Amino acid sequence: MMTTLTKQQQDPAARAGLPKAGKTARKGRLRRLGDLKMALFFIFPAMIGFVLFYLVPTIRGVYLSFTEYSILGDPTWIGIKNYTAMLGDELFWNAMGVTVQYVGLNIGFQTLIALGLALLMHRVAKSTFIRGALLLPFLVANVIVALLWFWMLDYQIGIVNEIINWMGLPRIAFFGSEQWAIPTIAAVNVWRHMGYTALLLFAGLQSIPNHVYEVASLDGASPTRTFWSITMPLLRPVLVLVLVVTVIGSFQVFDTVAVTTGGGPINASRVIQMYIYQKAFGESDFGYASALSVILFLILALVAFVQMKFLKGNESDLD
Amino acid sequence: MKKTIGVAAAAAAIALSLSACGGGSTASTEAKGEINYWLWDANQLPAYQQCADDFTKANPDIKVKITQRGWDDYWTTLTNGFVAGTAPDVFTNHLSKYPEYAAKKQLLSLDDAVAKDGIKLDSYTKGLPELWVGQDGKRYGLPKDWDTVGLFYNKAMADSAGLTAEQMANLDWNPKDGGSYEKAIARLTVDKSGKRGDEAGFDKNNVAVYGLGLAGSGSGQGQTEWSFLSATTGWTATDKNPWGTKFNYDDPKFQETIAWWAGLIEKGYMPKLETTVGASLADNFGAGKAAINTTGDWLIGQYKSYKGVETAFAPTPKGPDGKRASMFNGLADSVWAGTKNPAASVKWVEYLGSTACQDVVASKAVVFPAITSSSEKAAEAFKAKGTDVSAFTTHVEDGTTFLFPIADKAAKVDGIMKPAMDAVLSGKKPASSLTEANNQVNDLFK
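Heads up: the sequence lines are chains D and A, in that order. Number 695 marks the last residue of the first sequence (the working numbering); no jumps. Number 543 marks the last residue of the second sequence (the working numbering); no jumps.
For reference, chain A alone in the conformation it holds in the complex:
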């Protein structure tokens, strides 16, 4: 029975992707016809629809059809599309995915277009355009936005715990005792009888509000979970970035960081990993079950939308090196190598990467566009909405960002690191077990 359903679902999926890919079969050298564009973030759809409308107004021969798919389906549908020849002409690409696609020759190199059309790469925020240059030295994407990580906290809870915005913005952390960051987390944890985490008689088995929320173990990158801590110890995920081939999960600095973090569960300051399956970090925050969440700036809008909860933002704590740190991740738009309409596709990518479109995105105040001037406009748009985003922009201003670890075989690394990190976080194995996982990861590159 299950098989029949699977087949039917596959057939339906094929039919869907076929119908989604009608058109686009016009001339290949001229920039006209219909192109398909995919993205995964529903919050950004209105902004890009606006860009598409403006683009068609300026280029009446080209129509852009935008399809939004959730993150989980996005990548498998895309891979299937590459094979079946139904992939979108242009799509939003991610740093963890593009190396594989580039290696398998699924992405169109944009070097010629950049040279011919005089794209000013230095108008983008420093460091972003280089992320999209593959191992072969070719450029596979034009940056569209960037993100950093920060502390999202419940202002009312912080007030009643006696923590000022000033204090929250100046926390420090170390892997030994957690510094003032752990003290704040403990203070914000409240058990069912109203005792705080740093008070005598605190019942860690009956916690009403956790000081720190938990999304998951963070797999091998821990972008929003732990990377902003581990980076302040001087640890890096790979020997070099991008294109590292040796991973450092066996480093004591990393394992101490993870051990400290996982220890918060034992202390009752953070929920157990098993409770996070199927749960939403943000919704639990909205429901008042956690006081602090560490997450990325792309969720500002969602956290601001919870009724009855005032969310405030603080930068990540300063680490042993006396500095803050945040992973710097950026998305880009790439052109599929199999597109029937490369000229129009490249034109659309260039428009997406232009000030005209990125200013439109900025005005909606959902993300920070890659072009520096547009990014400043976005910060103003956030301010106009009453949101102070300095917690996120400070990393860019102070140069405390570090890059998302770009490496080949990301899916396989993830396949090893996710269960390994889950095991540590659920208390089943000690942090030292990550050395064994690291050996497995490094064996992939031999």
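Chain D with its partners taken away, still in its complex shape:
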């Protein structure tokens, strides 16, 4: 993901040049066939990884979603029974609702804060130290971050509740109450990921040529006007990519939930990945868990497609 992003930012014009190259392609067909062997040679190592770790497991997962499979023993084919069961499974719909709520909170705050940070990095904080420090939470492993906040937000002995108590306010069961569990988990992950997201957006900001800003200021545009008419449209391709990547990542939230609430209280934080894990590894229902995963896969594919399509993520306003 990282490499695709940087490539596009380094040379936004290269993408615009691609269609032209396509038109003259016929002439070079012979030469291209000659390159095929070499191309395959270079693709081969990546191909092994792709087939072994992505393609085969995916196909096997789709197959397992039509079976009853307890991992110990052989899968038995049961047709679409897992999928019809899902329709009537209240916990599945609850999990989807909880996940969407999480994604909304997580992506909303994370993108806004990251955009703000990126602008600050671009305009104000030019020191490499400060820019680097923003990335620090991202360098800590997810589980560690989750446990750290789990302790800091503990009802009885957490430092945050000690401060709240000291201010004379009632303590808050951040991970223990139904209302707070998902917002708390979302906030923890916003804290961890905002620096990284800001860095990606910052790279996008840097790719906007200075001369457009100069023209804007010559025309007497206010900073607000410049932001909405220059920065945002030109940042859009990067923003869309960042959104696609973060939304997909956000849908897959698991570790933070697994090490803190474990899906509770009651069902308040049982996100879809947690539910899949519970079904597969807790209740040995790998067939049903595979069906859930297939549905999640389809939803994510759709979300990514819609985002790319309607936000025109593959076009730049720069040409």
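For the record, the hints were derived by calculation from the structure and aren't laboratory data. As the structure is a prediction and not an experimental result, all values here were calculated from the model. Any given hint could turn out to be false.
The calculated lysine-lysine pairs, modelled on DSS-like cross-linking and capped at a C-alpha distance of 27 Å, are [claimed, not checked]: (1) Lys526(A) <-> Lys506(A); (2) Lys526(A) <-> Lys509(A); (3) Lys154(A) <-> Lys213(A); (4) Lys461(A) <-> Lys480(A); (5) Lys480(A) <-> Lys194(A); (6) Lys543(A) <-> Lys457(D); (7) Lys480(A) <-> Lys457(D); (8) Lys525(A) <-> Lys350(A); (9) Lys482(A) <-> Lys404(A); (10) Lys404(A) <-> Lys343(A); (11) Lys201(A) <-> Lys457(D); (12) Lys235(A) <-> Lys213(A); (13) Lys457(D) <-> Lys509(A); (14) Lys506(A) <-> Lys235(A); (15) Lys457(D) <-> Lys343(A).
Fit chain A to the known structure of chain D by using the hints.
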């Protein structure tokens, strides 16, 4: 990003379990080589390490490698090990887990070994060996220890509340008004301004010390939370035990018990369920935030280790039937069916289940071994440390124990009952909602 980390973690886990499982690939019929043994209780590790050393001294050809994993990781790692072929040769097994493993043919039957080596099953405390006979009539484990539940209370708090050890040991309970058990809990509850729970002007929203601590809702078993109460009403979790197929969470006797228990939160005598997430029952007791905890004897050592807190033990209260009750849970050691070294593994299990090893465990005074004579030695070892454990042994002496509900599909039952019990305890649903959960549970067995 998360995905990458997941994959890396999985890879690391695989690498770990692979490295943990080196060796053991020697001859399969002869009892020699290295065998892997897993347990989850860190408190018991020193005792079993001692057993392993003694065992190797007597059988120089067999080495035992012990791995301790926390309860939460233990079972998933074990299941993954079954699939990947890296499971330990011998492991500590739990009554809630073994039926599934036995049904999926992951456990080695020990019947032949018991017959051939003349294991005296009657040397174990009554009732324990039968727990490990599966639905197919085969034996899948040799008992290693047992546990019962009791009241752990803060002695200084009881003294200042005017409750004597005598009174604490003779509490009674009923689901209507809670009996003297609720009175004691109320008396031990103190609010921020020093008013007790049974005094006028008690502020239930600003409690400094709760009379009764709360670990969680107890899911479908409530081993240490509520089972010692519900059992005294004549209620049982399943139609028969072991191998029940019909659950009784719709029984009014059970629902009244839970309603009374959950009511303690409303009265301010017990902390809210939401405050227990991530919290440790024992540590809150150690920090003086609760006066009584109901928990199992395996935690005696931990409760005794809190500085500045003197913990005393009392048996569970007598119920409507005039008797006490405690769930009787026992662990056993099982052999994985996929072991490359069955002969050595069985030999090690037999040693673990022998007087020699169980006396070593007894001498460390951490748990009560399954062999009756070793268990008596453990009680003496506790006494030598200044701990009176009669609150726990009384159940065995008086025959007031009842068995842990053993049933198939335990994980699925848990998946339904945990949220359902959480909902009742957090006050979101009435206890009568458990009838609906019970229907869902029973549907699993249709």
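Outcome of the hint check:
Distance hint between Lys526(A) and Lys506(A) is fulfilled; the C-alpha atoms sit about 25 Å from each other, no more than 27 Å. A distance of roughly 21 Å separates the Cα atoms of Lys526(A) and Lys509(A); the hinted pair therefore holds under the 27 Å criterion. Of the pairs offered as hints, the one joining Lys154(A) and Lys213(A) holds, with about 23 Å between alpha carbons and a cut-off of 27 Å not exceeded. Distance check on the hinted pair: Lys461(A) and Lys480(A) sit about 12 Å apart at the alpha-carbon level, within 27 Å; holds.
For the hint linking Lys480(A) to Lys194(A), the alpha-carbon distance of about 33 Å lies beyond 27 Å, and the restraint is violated. Proposed proximity of Lys543(A) and Lys457(D) is supported: the alpha carbons are some 17 Å apart, at most 27 Å. Distance hint between Lys480(A) and Lys457(D) is unfulfilled; the C-alpha atoms sit about 59 Å from each other, more than 27 Å. Between Lys525(A) and Lys350(A) the alpha-carbon distance is near 20 Å, which keeps this suggested pair within the 27 Å criterion.
A threshold of 27 Å between alpha carbons decides the hint, and for Lys482(A) with Lys404(A) the separation of about 16 Å falls inside it, so the pair holds. Between Lys404(A) and Lys343(A) the alpha-carbon distance is near 46 Å, which puts this suggested pair outside the 27 Å criterion. This hinted pair checks out: Lys201(A) and Lys457(D) have alpha carbons roughly 23 Å apart, not beyond 27 Å. Our distance criterion of 27 Å between C-alpha atoms is met by Lys235(A) and Lys213(A), whose separation comes to about 15 Å.
For the given pair, Lys457(D) sits about 18 Å from Lys509(A) by alpha-carbon distance, which is consistent with the 27 Å threshold. Taken as a hint, the Lys506(A) and Lys235(A) pair is honoured in the structure, with Cα atoms around 19 Å apart against an allowance of 27 Å. At most 27 Å may separate the alpha-carbon atoms for a hinted pair to count; Lys457(D) and Lys343(A) meet this at roughly 25 Å.
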